[in-house]
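Join the two chains into one complex using the hints; note that each chain is given alone, in its own frame.
The listed protein sequences correspond, in order, to chains Z and F. For what it's worth, my numbering labels the leading residue of the first sequence as 1, then goes sequentially. For what it's worth, my numbering labels the leading residue of the second sequence as 1, then goes sequentially.
Treat the hints with care, since some could be wrong.
[Said to hold, decoys possible] What follows is a set of in silico ranges between Cβ atoms, one per label pair, in the way DEER data are often shown:
no.: 1; chain 1: F; residue 1: Ile15; chain 2: Z; residue 2: Leu54; range: 55 to 61 Å
no.: 2; chain 1: Z; residue 1: Asp161; chain 2: F; residue 2: Ile509; range: 31 to 37 Å
no.: 3; chain 1: F; residue 1: Gln390; chain 2: Z; residue 2: Val9; range: 56 to 62 Å
no.: 4; chain 1: Z; residue 1: Ala311; chain 2: F; residue 2: Ser431; range: 38 to 44 Å
no.: 5; chain 1: Z; residue 1: Gln329; chain 2: F; residue 2: Leu508; range: 46 to 52 Å
no.: 6; chain 1: Z; residue 1: Leu301; chain 2: F; residue 2: Gly230; range: 51 to 57 Å
no.: 7; chain 1: F; residue 1: Asp66; chain 2: Z; residue 2: Asn103; range: 17 to 23 Å
no.: 8; chain 1: F; residue 1: Asp157; chain 2: Z; residue 2: Asp258; range: 27 to 33 Å
no.: 9; chain 1: Z; residue 1: Asn215; chain 2: F; residue 2: Asp391; range: 18 to 24 Å
no.: 10; chain 1: Z; residue 1: Leu54; chain 2: F; residue 2: Asp253; range: 40 to 46 Å
no.: 11; chain 1: F; residue 1: Met146; chain 2: Z; residue 2: Val28; range: 56 to 62 Å
no.: 12; chain 1: F; residue 1: Ile15; chain 2: Z; residue 2: Ala311; range: 38 to 44 Å
no.: 13; chain 1: Z; residue 1: Asp294; chain 2: F; residue 2: Ile509; range: 36 to 42 Å
In short, the hints are calculated from the structure, not lab data. In this text the structure is predicted, and so the values were computed from the model without any measurement. Built from N, CA and C at the ideal position, the CB exists for glycine as well.
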Amino acid sequence: MTTSSPSFVQRYRIALLILLALVLLPFVIGLFEGASPFEVWSNQSGISRFIQGLAIEIFILALYALSYDLIFGFTGLLSFGHSMFFAVGAYLTGIALKSFGLNLGQTFGVLMLAAVVQALLFGIVLPRVKGITFALVTLGLSSVFHIVVMSRELGDYTGADVGLQGVVIPDFISPATERLRLYFITLTILVVFYLIYRRFVDSPLGRVCKAIRENEGRAQMLGYNTFLFKLAALILASITAVIAGALHTIYQPIVSPDIAGLGFTVTALLMILIGGVGTLHGALAGAAIFRLLDFGLRRYLGESASFVNGAIYVLIVLFLPYGIVGTWQLKASLSVAHMRQGWRRLLEMVGVNVERRASRE
Amino acid sequence: MAKIPAVVRSNLTVILTLLAILALFAAAASGMSWQDFIITLLRGLAVGALTFLVASGFSLIFGLLDVLNLAHGTLFMVGAYIGWTVYVRPDTFVDILTPLALIISGFTLGDVWRLLAQRVPQASLWRRVAPWIALVSGLALFFGVMRGYPIALWNMDNYAESPVTFSFLAGQGQRVIPPSATFGDASPLPAFAGLILAGMLASLGLTLTGRSDIVRKVQITWRTFAPFIGLAAGGLILFAVNEPLTVWLFTLDTNWLFLIAVLIAVLSGAGLGALMEATLIRPLYVRPIYQLMLTLGLSAIGIEMVRAIWGRPEFTMPKPALFAGSGEGCPAESLWQALQNSCSTMLFQGGRIRVYNEIVVPLIGLIVLVAVWLVLKRTRLGMIIRAGVQDREMVEALGINVRRVFTMVFALGVGLAALGGVLAAPSIGLSNTMGESFLLNALIALAIGGLTSYPGAALGSLLVGMLQQFIIKYGQIGITLPFIGVVFKPSPPVVPASTVLLMVIILLIVPGGLLGRKE
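In isolation and in its complexed conformation, chain F is listed as follows (with noise of 0.2 Å):
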């Protein structure tokens, strides 16, 4: 008798379990046509991806700071509006930017404060009410303000100015250029000098409510000052620049466009993350179970804060022109002539394949599999996650600074959220509940996976896009039961049925899942 080697032996369960999913893998590719089975790999591909987006994140974030993350499906749709407003109605985005950039410049001012706090006697009543005054009459200050300044949106009440329309046109290549953001006869100054109060006002708020039991030596030379006016500074020359920049962008090639709204998805993001852990989610280490409710509140605010600022109806994001053209030599007969004909789709075997939903997104989900495996494996933070992961205590006993690589982590997982938000946007467009269902996908790949294993995630994500893919197209076709001869034909509550199950058999045999840790 041969000797099996070790590594099989220690994982045969494992093992026998992915052998059984190939089998019946295998199986469900004999019931269908070569075409069909090409089509509805690539699909699954794509599923696969977009929920691995969501579920690597995810998993990041639960195997470094133990958060369960229920927001993780809220902001990957807000990821999805954001980028849609960059693409769609860049004058909207244009006009943002400057109250963001002084709102931010008078945040970066926290320094200062803190020297000046220290200067005022500890625990007197004015240090305890204080920083309540200084953050309710910064946010008051800020609405008030926000409430005159002109940013160009759309209106929800009037169909032709809905965001349905601006999407339906933007497809059709007419591209309305709206006035940009002016206040007239009116200065602007006093608006300016109001955001910059404001965002000072929450700075000093913010940095007195946290206890300073530990004095820091804190310098004021003018690099404190620094970030302030180069803050303060852009925004008035994006105030300035305004009407040129939109113009600029409503007349740029859309493969760019798409480009800067995907960057622009992820980087905001990535801050929306930052903010959320730093601000919220950080006093609640201690009390695990309450960042499980305090993510449930999130979520629904930031469901309702959609549903608010870009209205219910669900509506499409157009496709970027090099992959949306229907032209001459289109559909295109190969990946390469669909790239120069910028073919929207392409034969193959007589089946036609949607370039970016079939093709596109998978591809760039592994890329990003690639980056942050790399980013994982190569470099320091990367490594600190791991070790992280596997023993948070020791990483802190070796003096580094787990609290701003929390902060990264969920930054880096809320932007991987986001990115995979905005690449959904073209392929199956905005709603307010695209969220709800990638998470509840992402959590039952991660738990086919392993709940904290990196290439867990992508596994597990890959069979649920998988096997949803092959029940719809089953559904469609009908499945020709053995020995009996019966077409049966799954109807659509089954498809989430079906990743249920998976996920329930292989927890009861790997309870930890595929490729996670052993207990």
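The following block holds chain Z by itself, in its conformation from the complex (with noise of 0.2 Å):
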């Protein structure tokens, strides 16, 4: 008997689920508050708008998670210098459109080409460090960076400790007047990064990093040149995150020098830890759970939420020890397992021989 593979909606009918929800929701929130569809399609304020700013961040946050998820999760290499990449996108995007009146497309080559630069620079010292010492020199790097941005002298361009502000967004993008628009492009961003990297680690490609993060001893034992899939991934990584930036600095006001920061990197961190490890969709969910918990707890402790957000760190790594998705995959896999024997021992009760059923099928 053949059995044919389940079709392509029956696979992913959990993520298209997800996907038509994501596109529905600022509608579905507009009727809750009695505003027509209409009234949301044509931008005007409300929950919804409100809304679709929070989705717009939740994306921007997933993207970088996604980013960070493929070089530490995926190929194991621990950096401390990740805010490094976003913000390098957000800086240059608000230069190149405020300072230099670049328009987008130009800007966009900008950027490309400083992603790559970047992770080359990365890519440096990658042969000579490896492990905890790798971490703190890109701490290193990314603190200059840091510095530089935070210095007086470049403050014409990057506006120093006040932040980046006052970079004109060309009209049909812009948060103010066209948000369901940006909310639908970052939301299409998301998604096709989404798919690049699904692909990307699924890859022979992919799954060397996966050997690198395993062993990297055997993975070069085997004759992989293990500097160019760290390198790769590096490269890719730095893509998204820079487009990510891009899109912060599009989105919000005031381009915050935090974000250079290690803090930013913790965040980074902390997002795919509340999600699961290497677990793509771990990524995105913590980057949901982690802003949606800040936003919550901000909203109603207001000071003192940091000490619940780092109590709720706490008791996730206490209690749920491979993050949400991993966690959640784990046990899945488990009760799948038992209720199959549950349900083959039960039958077995009743009489039927499930070894000659099964060897018949």
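Laid out in structure tokens, this is it:
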């Protein structure tokens, strides 16, 4: 008996459902408030608009978390300088649009160039240092960038410690007037990158990256030039993070220099730890939970929010050993196995010979 | 051609790097006057000593336990705040002792619970739920009792009763003795009983949550109850002598009080470290990367707790009388005279040196360096630690109880950080952010010196401290750049950048750090 592989819709039904929900989200929220979809379509202010803003922030964070998951969760490079990737994107976009008056296409070109260059910069130190030392060197590189951004000498371009502000966003993606469009653009970019990442992770290239994570020496023994694979992962992560940074500049009125600091790298680490290291949808879920948690706690608890936040991280670490998605996957596969076992035992009790049935199939 | 010794040949890169640093140092020294040089040197030593206290504990913990304790900076800060409390508000300290002793006395009964738990059948629902009920009710009882416990604290909202004011008054030598903790007419007995009960419940909960696959032989003798009775009695006696003790501490010479503050800060730091390791970090040895998240979470919690208890504004801790005088014969001509007249500053080649900041702190750093070095080299614990850093599994295989050693090392590391904090408080003051900057300094120092190397921690801290202070000094006087003759003044952001750059350069030349293990 030949078993047909499940159809596309069946296989990805949960992902497709979530996507559909996200597409409909602005309109549904609008309905709750009494606003018709047309009103939402024409970007009238209201709760829907606010939720769109929050969702855009989550999408940007998710993109950033994905990129960190690629180099940390899949390739096993612990980098403490990841915020630099994001901040370079954010600052370059702002400076290109504001100080040099480039259009979006030219800005995009500059961004791609910068993304590759900074990945190569990290690549220079790759063969020299490993493990925690790599983390410290990347921390050093990103702190230098942070300090450059904060310095008063470049204040005309970067806004020093006040932050970059006054960037004029082209009208058709301005978060003020065309927020719904920006929402869909961000969502599309996220979905596209998620698919690229899925492809990357499942490709032979991605498999070698996982092999490097598990045991670099063995991957080398098998004849792989691990440096090139790590560099490939770094470049892809850098491009993603730079685009996330560019979206950040487009959405936020002020680009704070905090996004270049160690704290923002830690944010990425927390997001993928919450979701589950080395699972792509873990990064997405982690970003959503992180942002919503932060938002909710800040709103209802005010100043003591970070205390509760910290407590929640500690609890997650103690009780959800592999992040939310990771633990859920583990439990799910276990319970499926349990269910099958129980089902088989039930059948045997009734008198059906499971082994024979299985062989007949 | 003369033969180069093998030691030199194998460490050629390191020696060349060190020579280059020395040459840079000499170049830096030649640009400033002799007096500036000495003062900058001493300041560099002071920063280096404080960094070393954080870095050495961090590196011991990382070397033996493989835990990157990112809460180390926060614990440094907590040490400073606890020391300040004992020093400026001994009454609060005395007030807290009684509840603490009672809680711990209840806690020491774990063995009794273990014996009782073995009689309850395993794997029953009751067995699974009971510990959580015990823990939660214990916590609830604790908070309920503490709400009514009259501990003399300060009032953050009222400026006259804020830590800033108390600090200022203590610096002026005016110490107002606040009324000590009393229950008024009500009987304190219910509160005491409640605290002991809360401790018992918590200990019951913790005992039951632990998997008891291994049946340990527990014998109940009078010894099992001795710590319980001792601590409970101690707590009650402390409550009885609360007032005289407070008055005695307030009238005590500030030098002795400072010593007590340092001691208490180190002890409570060590206790906190042991508690942290035993309850939170121990379950995570199998999942190393999650320790990062745990310690980050703890660090956030710690900072918020400090903000809740001591408030956000920065304040200072007055120096002990021995180093605070400015009366007759001050500033002193020599160190001996400074100590005799208890001067806060002394003259050296026309420059003023602050005795506490620039002489006492580096000296204590040096003493700790030697003391921990002796512990590592001469004692059995030190031998186990050194062996564990080399190869943990082997030490375990030799039948040494690594668990206990882990807890002790964690306590030692955090104790060192707390010592650093309480020593730093009189010289740089207390703030919510003091921990983070020192943690970053310590990380850089360790990367420079070698992550798990004890002498490396010392060398790295020294380099970091020196570099920072020399850059700050040159920021004031300006560097005359060679050949161009332009005066360049490094701006404040260059200070952290310089140490980070030094770290990156050194790591690229010697990936394992200067004195680290070779891969």
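Hint check:
1. F:Ile15 to Z:Leu54: 55 to 61 Å: Because 57 Å falls inside the window, the suggested range holds.
2. Z:Asp161 to F:Ile509: 31 to 37 Å: Given about 33 Å between the Cβ atoms, the range holds.
3. F:Gln390 to Z:Val9: 56 to 62 Å: holds (57 Å)
4. Z:Ala311 to F:Ser431: 38 to 44 Å: Violated: the Cβ-Cβ distance is about 23 Å, outside 38 to 44 Å.
5. Z:Gln329 to F:Leu508: 46 to 52 Å: With Cβ atoms ~40 Å apart, the hint is violated.
6. Z:Leu301 to F:Gly230: 51 to 57 Å: violated (41 Å)
7. F:Asp66 to Z:Asn103: 17 to 23 Å: violated (51 Å)
8. F:Asp157 to Z:Asp258: 27 to 33 Å: Once the Cβ atoms are compared, 29 Å apart, the range 27 to 33 Å for Z:Asp258 and F:Asp157 holds.
9. Z:Asn215 to F:Asp391: 18 to 24 Å: holds (19 Å)
10. Z:Leu54 to F:Asp253: 40 to 46 Å: At 59 Å between Cβs, range violated.
11. F:Met146 to Z:Val28: 56 to 62 Å: At roughly 47 Å between Cβ atoms, Z:Val28 and F:Met146 fall outside 56 to 62 Å, so the hint is violated.
12. F:Ile15 to Z:Ala311: 38 to 44 Å: violated (49 Å)
13. Z:Asp294 to F:Ile509: 36 to 42 Å: holds (41 Å)
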